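Enquirer: Residues per chain, in single letters:
Protein chains: 2
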Amino acid sequence: MNSRLEKQLALIMELDQLKSVLRRTRVLSADKRRENSAEHSWHVALMALLLEEHANEPVDISKVVKMLLLHDIVEIDAGDTFVYDTLALQEQEEKELAAAERLFGMLPEEQGTELKAIWLEFERAGTAEARFAKALDRIIPMLMNYHNNGQSWLEHGVAKQQVVNINQRIEQGSAVLWEKALQVINEAVEKGWLKP
Amino acid sequence: MNSRLEKQLALIMELDQLKSVLRRTRVLSADKRRENSAEHSWHVALMALLLEEHANEPVDISKVVKMLLLHDIVEIDAGDTFVYDTLALQEQEEKELAAAERLFGMLPEEQGTELKAIWLEFERAGTAEARFAKALDRIIPMLMNYHNNGQSWLEHGVAKQQVVNINQRIEQGSAVLWEKALQVINEAVEKGWLKP
Numbered sequence: 001m002n003s004r005l006e007k008q009l010a011l012i013m014e015l016d017q018l019k020s021v022l023r024r025t026r027v028l029s030a031d032k033r034r035e036n037s038a039e040h041s042w043h044v045a046l047m048a049l050l051l052e053e054h055a056n057e058p059v060d061i062s063k064v065v066k067m068l069l070l071h072d073i074v075e076i077d078a079g080d081t082f083v084y085d086t087l088a089l090q091e092q093e094e095k096e097l098a099a100a101e102r103l104f105g106m107l108p109e110e111q112g113t114e115l116k117a118i119w120l121e122f123e124r125a126g127t128a129e130a131r132f133a134k135a136l137d138r139i140i141p142m143l144m145n146y147h148n149n150g151q152s153w154l155e156h157g158v159a160k161q162q163v164v165n166i167n168q169r170i171e172q173g174s175a176v177l178w179e180k181a182l183q184v185i186n187e188a189v190e191k192g193w194l195k196p
Numbered sequence: 001m002n003s004r005l006e007k008q009l010a011l012i013m014e015l016d017q018l019k020s021v022l023r024r025t026r027v028l029s030a031d032k033r034r035e036n037s038a039e040h041s042w043h044v045a046l047m048a049l050l051l052e053e054h055a056n057e058p059v060d061i062s063k064v065v066k067m068l069l070l071h072d073i074v075e076i077d078a079g080d081t082f083v084y085d086t087l088a089l090q091e092q093e094e095k096e097l098a099a100a101e102r103l104f105g106m107l108p109e110e111q112g113t114e115l116k117a118i119w120l121e122f123e124r125a126g127t128a129e130a131r132f133a134k135a136l137d138r139i140i141p142m143l144m145n146y147h148n149n150g151q152s153w154l155e156h157g158v159a160k161q162q163v164v165n166i167n168q169r170i171e172q173g174s175a176v177l178w179e180k181a182l183q184v185i186n187e188a189v190e191k192g193w194l195k196p
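Line by line, the protein sequences are chains W and X. The working numbering applies: residue 1 is where the first sequence begins, and numbers increase by one. The working numbering applies: residue 1 is where the second sequence begins, and numbers increase by one.
Simulated from the structure, these hints should not be mistaken for lab results. Keep in mind it's a predicted model, so treat the numbers as computed, not measured. It cannot be assumed that every hint is accurate.
Heads up, the list lumps identical chains together, so a pair's fine if it works in one copy or across two of them.
[Claimed, not checked] Derived EDC-like pairs (lysine to aspartate or glutamate); straight-line CA-CA distance at most 20 Å: (1) 116 <-> 52; (2) 116 <-> 187; (3) 116 <-> 31; (4) 7 <-> 53; (5) 160 <-> 53; (6) 160 <-> 110; (7) 116 <-> 53; (8) 63 <-> 85; (9) 116 <-> 96; (10) 191 <-> 121; (11) 63 <-> 187.
Model the full assembly from the supplied sequences, consistent with the hints where possible.
Expert: This is how it looks when you write it as structure tokens:
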């Protein structure tokens, strides 16, 4: 028995649970079900590959992709928190750190340490890669909400200023994407999907 | 308006449809629903990052991840084909090529050409990266079936020899993973999940 492989495979099977963590955003296709964090992670990782040229600074795109593949796995233990629920977001931090300890702790030690560091780098948003990854993670639900006629904003009675406050950090990762986000926000107000 | 960005975003929104393409494999959590190709793509791309050391040859892992993020997007037009349905697999090839033309054709030209080449490299399995990516894509449903008490094999009356024939190419990407696959297959026969 290959004990490194067995540890890695145990985590891989555990990660399957991310497919059952539901987000507020809904898929665009006819059934409009809520998307889960696993398929969201695929979507945003592929988005990084497609939009690399719009990062403010040159980025190591393979690291950005790695961050985005890993960024939500802590939700297996901690659940997803709605980005406009600021109280819950504070409690969430501790839960996510404990989840990171448990999940990355399933791996061979040096591998777990390395991947946990990448996850933390994303969380702290202190590098060009993390800022770009965060920008993508913030803009993709806005784009999906827009294409779903404002669904999640309407369901939760969100106002323009909340969206601007929470998402303006997109600009730190990509000025181009922030410009696009503002266009989406303004059109959503015009259409009555966001409170002015 | 940034026309490159608009083309890229149009594809990104189109890709959302992969979340509605269902596979034969079921998730491991309680509801046992069929998984979709988007969440599968996330799972197998992350698996590549975790199992890089088990590739037969040194691989450019960021290319492997790119391949796996892209490998199923043609199913948006062509649908998923069960790996044990060999007749359908032949017809599938043409449909997938047309889908690749359409989807990658939505991008700025040089970007679409580059990504389509990576998708084709995966399909043709002629490089170390593609062989390792294929090995991962083949072993992950086996592992999930095994953890689901043989569900998909039992549902479709699959026999050991079919599983060996279809999956032995795992060995070309990773001898270590093929050894693991054989162990899983033999245990599945013992448990009555695969016909001997």
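Enquirer: Check each numbered hint against the structure and report the violated ones by number, ascending.
Expert: 2, 3, 5, 6, 8, 10, 11
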